[in-house]
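Trainee: Protein sequences appear in the order of chains A and B.
Just so we're aligned, residue 1 is where the first sequence starts under my numbering, counting upward by one.
Just so we're aligned, residue 1 is where the second sequence starts under my numbering, counting upward by one.
Think of the hints as simulated: they come from the structure by calculation, not from any bench.
Virtual Cβ for every residue (Gly too), placed ideally from N, Cα, C.
Be aware that a few hints might be false.
Stated by the list, open to error - Take a look, some chain B residues computed to stay more than 12 Å from chain A by CB distance: (1) His11; (2) Ile67; (3) Gly91.
To be verified - Covered by chain A, per the in silico footprint, the following chain B stretches (three or more residues, Cβ under 8 Å): (4) 13–23; (5) 34–46; (6) 70–76; (7) 95–101; (8) 122–130.
So you can see what is in the structure, the chains are spelled out below.
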Amino acid sequence: MEKLKDEEIIALILKGKTQLYAELVLRYQNKLFSTIYNYTHDFEETRDLGQEIFIKVYNNLHKYNNKASFSTWLYRIAVNSCIDWTRKKRLTTVSTFETDENEEIAILEHISDSTFSPEDILLKEEHKTVLKEMIMDLPEIYKTAVILYYYEDFSPREISDILNIPKKTIDSRLYRAKDILKSKIINMEYGGGAFEL
Amino acid sequence: MNCNRVKDSLHSYLAGEIEGLEKLLIEEHLKKCNVCKEELDQIKTMKILLKGCRENVLASQSFAIKIMANIDLERYHISQKKAVYNLKNIGVSLVCAGIMLFMLSSNLQVFMDSPKAMSFIDKSVIQISGRIMELDGITGRIENKLYGGLKDEL
């Protein structure tokens, strides 16, 4: 049997074949879990948020209007839930990560030593932690754009559809976010300069 | 194309979202401008660096089952009450259509019974019969001419 498109499944669900929703969950659960985890860095929160998002999506399926693809619509709901989560979380904690200064220096040494050709960039686990912390500490508007562009491979046009923001704004945010990350990495170096991004 | 415009478009360019003339202009600019070329390289490097930080998390095998257990499967079902309501609506529509048909046919009957209708029908019949007689006269003349002609020849 030919695989049904997301939109066809939705049409059938709205006609009463609600069991088909399981197919949509199976299609997107892993991609969505990864996105949520990269936002929260907490397995329990990822599971709870994932459940909350899929239930919310089901309860609002009748509002889906085919203007955007289902995945874009799903991500719109998911990203909004993640942003809400971050806002609530920020009220209680300052930073998700605990890293010491030595780790920050180590990542720079490691990166500076490399020739920086794409093939040579292999990050150690502790270096990844420092970079993740940098992303987590970005202002919300940049963090979301960075996660969707760099982690999830969404294009600026798709991010603009997900966030319902003009594409030009997304381009500017991505450019600004890259500069913030770059200066953070450089500032972490003793006097700056050795890390060439 | 100036540097600011190119820099703002580099993420879209790398994502393959820019086409046609704009793409050509950016590529021409990148050949000449080292600053923008460096910006593009930085984005490429950042992409590889950050991609390496991305965590792949899989949902548990029972996740979809849990979701299905927690949603209202009747939410998009047409309820019996709604079905009866729909049937009621169809019934009302049928009755309305019947009433309209009855009114139309009785109006036609009233028209037929009226003296105006009778005189209209009479006039039409007289006109048609007059026309038939006219035609009959024409055919009669043609026949006479034809037979006459034949007689002459014989």
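Trainee: If a hint holds in the structure, say so; if it does not, say that too.
Mentor: Here's how the hints hold up against the structure:
1. His11: 4 Å, violated
2. Ile67: 5 Å, violated
3. Gly91: 23 Å, holds
4. 13–23: holds (count 3)
5. 34–46: That given contact holds, which follows from 5 residues of the region 34–46 of chain B lying within Cβ reach (below 8 Å) of chain A.
6. 70–76: Holds: 7 residues of the region 70–76 of chain B have a Cβ under 8 Å from chain A.
7. 95–101: Answer violated; 0 residues pass the 8 Å Cβ test.
8. 122–130: violated (count 0)
Of the numbered hints stated above, those contradicted by the structure are hints 1, 2, 7 and 8, listed in ascending order.
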